[in-house]
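Number of protein chains: 2
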Amino acid sequence: MKERRNIAIIGTGVTKFGELFEHSYDDLVREAGLAAIRDAGIAMDEVQAAWLSTAFPEIGVFKGRSGMDLSEPLNLYDIPVTRVSNFCASGADAIRNAANALEAGECDVAMALGVEKLRDRSPQDSIVKMMVELSHPYYQKGFTAAGTFAVYANRMMHEYGVTREDIANISVKNHYHGTLNEKAHHRVACSLDQVLSSPMVADPLTVMDSCPTTDGAACVIMVRADDVDPTRHDPVYIHGVGLSISTGWDLPFFDPHHDFLSFKATQNAANMAYTQAGITNPMDQIDLVEVHDCFSIVEMLTYEDLGLCKKGEAKELIRGKATMLGGETPVNVSGGLLSCGHPVGATGVRMVVEVAAHLRGRAGDRQVEGATTGVTHNIGGPGAIASVIVLSNEN
Amino acid sequence: MKERRNIAIIGTGVTKFGELFEHSYDDLVREAGLAAIRDAGIAMDEVQAAWLSTAFPEIGVFKGRSGMDLSEPLNLYDIPVTRVSNFCASGADAIRNAANALEAGECDVAMALGVEKLRDRSPQDSIVKMMVELSHPYYQKGFTAAGTFAVYANRMMHEYGVTREDIANISVKNHYHGTLNEKAHHRVACSLDQVLSSPMVADPLTVMDSCPTTDGAACVIMVRADDVDPTRHDPVYIHGVGLSISTGWDLPFFDPHHDFLSFKATQNAANMAYTQAGITNPMDQIDLVEVHDCFSIVEMLTYEDLGLCKKGEAKELIRGKATMLGGETPVNVSGGLLSCGHPVGATGVRMVVEVAAHLRGRAGDRQVEGATTGVTHNIGGPGAIASVIVLSNEN
Numbered sequence: 001m002k003e004r005r006n007i008a009i010i011g012t013g014v015t016k017f018g019e020l021f022e023h024s025y026d027d028l029v030r031e032a033g034l035a036a037i038r039d040a041g042i043a044m045d046e047v048q049a050a051w052l053s054t055a056f057p058e059i060g061v062f063k064g065r066s067g068m069d070l071s072e073p074l075n076l077y078d079i080p081v082t083r084v085s086n087f088c089a090s091g092a093d094a095i096r097n098a099a100n101a102l103e104a105g106e107c108d109v110a111m112a113l114g115v116e117k118l119r120d121r122s123p124q125d126s127i128v129k130m131m132v133e134l135s136h137p138y139y140q141k142g143f144t145a146a147g148t149f150a151v152y153a154n155r156m157m158h159e160y161g162v163t164r165e166d167i168a169n170i171s172v173k174n175h176y177h178g179t180l181n182e183k184a185h186h187r188v189a190c191s192l193d194q195v196l197s198s199p200m201v202a203d204p205l206t207v208m209d210s211c212p213t214t215d216g217a218a219c220v221i222m223v224r225a226d227d228v229d230p231t232r233h234d235p236v237y238i239h240g241v242g243l244s245i246s247t248g249w250d251l252p253f254f255d256p257h258h259d260f261l262s263f264k265a266t267q268n269a270a271n272m273a274y275t276q277a278g279i280t281n282p283m284d285q286i287d288l289v290e291v292h293d294c295f296s297i298v299e300m301l302t303y304e305d306l307g308l309c310k311k312g313e314a315k316e317l318i319r320g321k322a323t324m325l326g327g328e329t330p331v332n333v334s335g336g337l338l339s340c341g342h343p344v345g346a347t348g349v350r351m352v353v354e355v356a357a358h359l360r361g362r363a364g365d366r367q368v369e370g371a372t373t374g375v376t377h378n379i380g381g382p383g384a385i386a387s388v389i390v391l392s393n394e395n
Numbered sequence: 001m002k003e004r005r006n007i008a009i010i011g012t013g014v015t016k017f018g019e020l021f022e023h024s025y026d027d028l029v030r031e032a033g034l035a036a037i038r039d040a041g042i043a044m045d046e047v048q049a050a051w052l053s054t055a056f057p058e059i060g061v062f063k064g065r066s067g068m069d070l071s072e073p074l075n076l077y078d079i080p081v082t083r084v085s086n087f088c089a090s091g092a093d094a095i096r097n098a099a100n101a102l103e104a105g106e107c108d109v110a111m112a113l114g115v116e117k118l119r120d121r122s123p124q125d126s127i128v129k130m131m132v133e134l135s136h137p138y139y140q141k142g143f144t145a146a147g148t149f150a151v152y153a154n155r156m157m158h159e160y161g162v163t164r165e166d167i168a169n170i171s172v173k174n175h176y177h178g179t180l181n182e183k184a185h186h187r188v189a190c191s192l193d194q195v196l197s198s199p200m201v202a203d204p205l206t207v208m209d210s211c212p213t214t215d216g217a218a219c220v221i222m223v224r225a226d227d228v229d230p231t232r233h234d235p236v237y238i239h240g241v242g243l244s245i246s247t248g249w250d251l252p253f254f255d256p257h258h259d260f261l262s263f264k265a266t267q268n269a270a271n272m273a274y275t276q277a278g279i280t281n282p283m284d285q286i287d288l289v290e291v292h293d294c295f296s297i298v299e300m301l302t303y304e305d306l307g308l309c310k311k312g313e314a315k316e317l318i319r320g321k322a323t324m325l326g327g328e329t330p331v332n333v334s335g336g337l338l339s340c341g342h343p344v345g346a347t348g349v350r351m352v353v354e355v356a357a358h359l360r361g362r363a364g365d366r367q368v369e370g371a372t373t374g375v376t377h378n379i380g381g382p383g384a385i386a387s388v389i390v391l392s393n394e395n
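Read top to bottom, the protein sequences are chains A and B.
For the first sequence, the residue numbers in the working numbering are 1 to 395.
For the second sequence, the residue numbers in the working numbering are 1 to 395.
With the rest of the complex left out, here is chain A (with noise of 0.2 Å):
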């Protein structure tokens, strides 16, 4: 796909992130499509397609299986609704989806809901037990996303001169940010020493470069750009989505020289976003970004990834506060997932939510002045699966 896609996003919605106990899965697909419907302005019913993203129905509450899952909390039958999972790409895959299903005219009105809830489970029958017991035999060697991301921070700290400091000072920043997001999981700043001296997890990475496990749900409502009404819409393009699946953490086998510097993934999934959106210079073009802070390094690999820098240069990014709210190009303003947590499935719907906020002007205490265009970005499973989608306010 050469052009630009013809996709606005009328409505948003999105709870409020953390270990909600009192919260159903159902109660969080209510809470999220309702602020998404109440936000287009639109009823239930004229919602003529839906994709729901889930992408750990059997490390979290067994929900999320299949369309139902949405239709039955929102009441909103007779309608398709499609179930998307692809790791930490699931929610910007569901928002894909359906922007294809309303280029292709199948529907006139979608909706993309991301959802997760995993902090229902004990620590011993959750997420690490399904990794260990179920996933790639790596895993079970301690070869686990923060050993495999850990490596790439080593490789990053020998081949660029980038310090430990410069890692921690990300997840520094972004916890600052969180204390700005009222959504945020964490809400409480963090200093350097602290990140330093947090219980370490995979040398050099500790406990506070880790995002925690979270529960949480967002939403938005889509239309083809040409049925928005300006008397009644506030609406915020897309430009590009894309998405790609590379070889993961088994890539050595692969590419015995891969570098450990870069993700293939994210790299053509911007390719793909941006040839759409006609960004060719995305430092200057690009406003804000979203980025898969999943761990702190992940961010930093990630600037050179989507073009923010150039190759070896991220640390410059971080030592001049240029990602951080009032810099050039900031970066995960909403604190991240460092700070809002990473309900998988929601995720990546959450970070859209975040960036049509600051392009709507509507971002709060966190608002990125004049932004005009933002990114938001993804990458799961093992390194493999990336997601980039280009928004802007105007089209």
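Each hint should be verified, as a subset may be incorrect.
Stated by the list, open to error - Chain B regions said to be covered by chain A (calculated; three or more residues, Cβ under 8 Å):
{"hint": "1", "segment": "57 to 70"}
{"hint": "2", "segment": "74 to 87"}
{"hint": "3", "segment": "151 to 165"}
Said to hold, decoys possible - A short list of chain A residues far from chain B (calculated; beta carbon distances all over 10 Å):
{"hint": "4", "residue": "D27"}
{"hint": "5", "residue": "L34"}
{"hint": "6", "residue": "M44"}
{"hint": "7", "residue": "A150"}
{"hint": "8", "residue": "N154"}
{"hint": "9", "residue": "L196"}
{"hint": "10", "residue": "V228"}
{"hint": "11", "residue": "P230"}
{"hint": "12", "residue": "H233"}
{"hint": "13", "residue": "S244"}
{"hint": "14", "residue": "T280"}
{"hint": "15", "residue": "T372"}
{"hint": "16", "residue": "N395"}
Hint data in this document are derived by calculation from the structure and do not stem from the laboratory.
Here a beta-carbon is modelled for each residue, glycine too, at the ideal position from N, C-alpha and C.
On the provided structure of chain A, position chain B as indicated by the hints.
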């Protein structure tokens, strides 16, 4: 979407269905995917986007939770691959989302592949355990799939003068058809007496009224009809795709007047697909149908829901052998789920592969002569999610 779709299937592939201990999930993906690619006469790297349908990773072999499980076995990287799951309608939904992407212009060549591997686990550790422990509380009270569909069977017998023999004769018919299908799980004909005297599951349904759980995969390659090259391709066209979610087995709580004689989801999905395809008289316009005969009674109900006969007259189609090979509108000449088995994520795609074979005149011993229009149908979850696809060899 009012207009007819503009999508062609140019390649199909299907594995043997059965208890395939000697084939891994990846083996099945590879076999079905490569067969479809060869049939389409294209190279693997011409595929620009793909959709993977696996319904039950957690009760199968824990594969199919993301698009990676299509990319890796096919070495098909650097493109978007979405995993969809929608219970028994998963395969049809993969095709639907691929069709949307083609219509949207996101890609020019799309793959939809369904796969499920259910037999590697013991019955004590498989679908039954999952259903009882983790799903709807009704299951815990014995309200299983068989138990529910048995209620419909009893209502059909009570209201419409359907006999137990009418229902069992669907199984006899489909098992006969299955003897003609080298890919079917069970290729053994059975007598009426054998169906009636096999062990009772839920009165009146016996084991022989029930489909087996099965391993298998199926794949289609799709392009826009404008891109069909008549010198290379032998296309089949998708004229309509409908998918709808209604309330399910809990429907009496929403509608105490529900008659347990039809599935609203099937009726809605058929209405969507027929409207797109311009089908106003299904009895005359449809030449063959693959129906979701997870239990024999479901095929009978679905005759009426698909408009193949008037309300209450389904029994006449069986008694007159109208839906048998050689009859007016053959149904499940593949052997249906009763003979082929039911690898859940694969079934909807397998049906499309089957109908395409007939429309291309390649169905061998079970060819429906002169078929130009065929329909596939799935119903899943608690009778709540249905899909209908209309295929034709004319455009």
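Would you check whether the claim that N395 of chain A is not at the interface survives, using Cβ distances to chain B and the 10 Å cut-off?
Since the minimum Cβ distance to chain B is about 17 Å, N395 of chain A lies beyond 10 Å and the statement holds.
Given as covered by chain A, does the segment 57 to 70 of chain B meet the bar of three residues or more with CB within less than 8 Å?
holds (count 7)
Under a C-beta cut-off of less than 8 Å, do 3 or more residues of the segment 151 to 165 of chain B approach chain A closely enough to confirm the stated coverage?
As far as the segment 151 to 165 of chain B goes, the hint is violated, because 0 residues have Cβ atoms under 8 Å from chain A.
Against chain B, does T280 of chain A keep a CB gap of more than 10 Å to every residue?
21 Å, holds
Say whether it holds or is violated: L196 of chain A keeps its Cβ farther than 10 Å from all Cβ of chain B.
34 Å, holds
Beyond 10 Å from every chain B Cβ - status for V228 of chain A
Consistent with the label, V228 of chain A stays out of reach of chain B, its closest Cβ about 18 Å off (over 10 Å).
Assertion that D27 of chain A lies farther than 10 Å from chain B (Cβ):
18 Å, holds
So is H233 of chain A really clear of chain B, every C-beta pair being over 10 Å apart?
At about 22 Å from chain B, H233 of chain A clears the 10 Å cut-off, so the statement holds.
Evaluate the condition: distance from the CB of M44 of chain A to the nearest CB of chain B exceeds 10 Å.
14 Å, holds
Taking 8 Å as the C-beta cutoff, is the stated coverage of the segment 74 to 87 of chain B by chain A satisfied by three or more residues?
holds (count 11)
Non-interface claim for T372 of chain A, where every Cβ of chain B lies beyond 10 Å:
With a cut-off of 10 Å, T372 of chain A remains clear of chain B, as the shortest Cβ separation is near 25 Å.
Confirm or reject: P230 of chain A is not an interface residue toward chain B, with every Cβ-Cβ distance exceeding 10 Å.
24 Å, holds
Of the hints listed earlier, those the structure fails to meet are numbers 3 and 13, in rising order.
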